[in-house]
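Chemist: As you go down the protein sequences, you meet chains R and B in turn. Per the working numbering, the first sequence starts with residue 545, numbered consecutively. Per the working numbering, the second sequence starts with residue 545, numbered consecutively.
FYI, nobody ran anything at the bench for these hints, they're computed from the structure. Watch out, some of these pointers could steer you wrong.
Just so you know, same-sequence chains aren't split out, so a pair can sit in one copy or run between any two.
[What the hints assert, rightly or not] Keeping only pairs whose Cα atoms sit at most 30 Å apart, straight-line, the calculated DSSO-like set for lysine-lysine is:
id, residue 1, residue 2
1, 763, 776
2, 963, 997
3, 763, 778
4, 1020, 688
5, 1020, 1032
6, 1031, 1020
7, 778, 1058
8, 778, 739
9, 728, 763
Protein chains: 2
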Amino acid sequence: MSDSEGPVKARKSRRGGGRAGRRAAGGAPAEIVPYITRNIPYYEVLDEEGLALIEANAETILEEVGIEFRDDEEALQIWRDAGATVEGELVKFPRGMCRSIIQASAPSEYVHHARNPARNVVVGGKNTAFVPAYGSPFVYDMDKGRRYATIEDFQNFVKLAYMAPSLHLSGGTICEPVDLPVNKRHFDMLYSHMKYSDKPFMGSVTAPERAQDSVDMCKILFGDDFYDENGKPKTFMTSLINANSPMTFDDTMLGAAKVYARNNQACVVTPFILAGAMSPVTVAGTAAQTLAEAMAGMAFVQLVAPGAPVVMGSFASSISMQSGAPTFGTPEPALVLYVMANLARRLGVPFRSGGGFCGSKIPDAQAAAEAANTLVPTTLAGVNFALHTAGWLEGGLAMGYEKFVMDADQAGMMCTLLKGVDLSENGQALDAIREVGPGNHFLGCSHTQANFKTAFYLSPLTDNNSFEQWESEGSKTMEQRANAYWKKQLSEYQAPELDPAIDQALIEYIERRKAEFPDSNI
Amino acid sequence: MSDSEGPVKARKSRRGGGRAGRRAAGGAPAEIVPYITRNIPYYEVLDEEGLALIEANAETILEEVGIEFRDDEEALQIWRDAGATVEGELVKFPRGMCRSIIQASAPSEYVHHARNPARNVVVGGKNTAFVPAYGSPFVYDMDKGRRYATIEDFQNFVKLAYMAPSLHLSGGTICEPVDLPVNKRHFDMLYSHMKYSDKPFMGSVTAPERAQDSVDMCKILFGDDFYDENGKPKTFMTSLINANSPMTFDDTMLGAAKVYARNNQACVVTPFILAGAMSPVTVAGTAAQTLAEAMAGMAFVQLVAPGAPVVMGSFASSISMQSGAPTFGTPEPALVLYVMANLARRLGVPFRSGGGFCGSKIPDAQAAAEAANTLVPTTLAGVNFALHTAGWLEGGLAMGYEKFVMDADQAGMMCTLLKGVDLSENGQALDAIREVGPGNHFLGCSHTQANFKTAFYLSPLTDNNSFEQWESEGSKTMEQRANAYWKKQLSEYQAPELDPAIDQALIEYIERRKAEFPDSNI
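Could you put together the complete structure from these sequences and hints?
Modeler: Following this line, the structure appears as structure tokens:
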């Protein structure tokens, strides 16, 4: 819009530069905001007594029921050495043992380094970082429908994440490139994150040697910067170590965790729970079990490498008690989220949970309502690492192009919410009220003129025009506007600079490693 | 579903009794829950210092800027008698005057009586009541599109509100029946609420004599029950007295307020604010102005009739600083909502705000996201009277059939959220965790069997089936399922019983009054 006219007149938006220009401006602030430090309180649903009860129950689970560490003799020996009781593969822990191991060495926050240092994310404390969804074998867009994801889709989503000012990482397995062999696709995924974005990213966890490849590629990407001045690796990846709930860790995840911990890379230890299937149907039961499993996993990481960054994760949703299908965006998991965030703060570790979950197959009203019903609690609860913020469809089976940009827009709103209330003199605006007085309007007053550009979050996707104007522009749904938006974004994408020598070294590493063993889909 | 099979097997839902039966069961609990008493804390964004600052600024506005009371000499005389300074129509208040008038006599909560006493709503305290949207001249459904509302639409929405277990009033001007003359449609609207629902409702505010008709019709409907044992009218209506922000009340609203207050009917005093037009563009400025206006209005009601129920209202949204169009579901109004709820609690009066706002013209993803971004704050902030919860489209210009049932479903989720975390032994579920143990599943355990029917909120509208099953059922959007749902609801509607003598008396009153003056559209 032309600044000289100011905001006074409501004007028709034009199909050309007008709307497009405004939307681009709304979506992409010039200044990089690498993560958000909250200026609003946490929302907490339980009091001290309730939280202490859940913590005590978690200790009871660790002491009496135990956690299985499967197919990993080294892990069992680590636990024996630490003083736990090992019965076969079942480990039982004296009350308080896991908590004290974690609190003795786990950092309360850490810096996740990006190749653009302006994008380094401080994970933990009062900070929130929004991260794309993770792990879908399918993609969906309104033009081509639902289909298996490819490496091209993967690259597209990395580009969209890079361009979204409210997403702070480019993600991890942003979708599964199923056109590539299972045992080699991690090379191409990591390369995509390194090449097409300069935001922080996540490493491979599907096998210990793939975790090692992730570390080795970071050594190439960061060169001398891989180590700090004391020769200790900096943290360049925050990777996803899921428990096989209930109360089980398997050798794949344990193996990846050991590689990452020994290289000072961060592990998010997440019990993956659909309440009613992997945990009891109740909020308090699910919370206690999640805490027990997460503490066992985080304590294991600290025993492997004291001081390595760990994040407490909670993925909790419910199932339909009628069909057994997973459900998302319902109220019970929101309560679990508030409780778990509180428990993580009490433990003293960063917290990962929430996102833009939905059960819907398409970016419709169900998808939007369910995502908001998770993303608002994610924001208010105090999630530090908000995985699955953008793109999630169909219970995580599909990554949606339209959903991705819709969710990123919602994350932008949450970033504004986290900034809280400006109580400065300008924020109080008493002079504006004095200037305008009863019965007049504020559109042209000097305070409005001075503040209108930054006063309100500007969505690139919503339509607030009159019915008649909206109709004359084709009666488009949000989904249709989102479809146009992601295509425009991709058409305007420009890659961040990458030193050609590093690029070449990465390509050579990948070619060499790929030649060392045959393709396999296991 | 058949109980004998339990929840263990995920089964295909059938098009016939299976799904329909479950959905009906999910949507309509046998037991009446007339309102929700929260068991979760309030979410508060400002601390004592911030709240005190806003309160001080509101007093400054009342003292220095003042509030206009237009075209109502009686109102000005009331203010003179109370000790305010009256300059023309502008009233200025000594600091603390309005607050102390309110706190001297306004009740902190009151019973809004319904003709079915099991549906009486206690407004205030820790209680929340969800109420349909209000005032739209248009209606929208997917079959017929957008069109002017009629009395048939009005009746349909009253019926849908009556059938929705999570809506606690049938509303007020649930849409404008524009097929009836402006000066007589209030008779038909009130009659519809009285006839087609037994939930509480709201009265007419568009002229003092229409407020009096509302009171007189309640006298017929409630008969001897209109007065309590001391001869004082009970409260049967909670009606909407809007300020003409900024800082103005007009004679229409003041006239209606006087009628209601003198009959002990509740007034919701609501500054209607689009920040940037009727208030400053900032959260703190909007909150201070809203508090000032609402306090002046509530104090006026208390001067007219000490002890008459008043509710502090806040309708705050923002405008697009690019086009001037109102915007909804954005983060700044959510912050205003949290602040205002807190200020109402400190003042000691019930609070009205929020709902299911959106700027979208249709029940799409924009509508759903924006509604959720308002309804979750409505719930967490502690709104007592959540007007506009269901049906709101297009910035309030249209009442949507699909949106109505989608919003009512979301309100159901909020009711579950408000219940909080069950910390009973059954809620803790330690025995279930002991019984199941590591690596097994909870689907068939005795705790799940005992709790599965009530464990999770069951939406009648969301689809959580597999992609293949969803596709085989026609790839329906949430909007399409909502379309089928409201039609099914209307087809199954059964009117609550109404004493035929009372019904006849109401009809006769309306016929007599309608004959007393000519139709007019003013």
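Chemist: Failing hints, ascending?
Modeler: As far as the earlier hints go, not one is violated by this structure.
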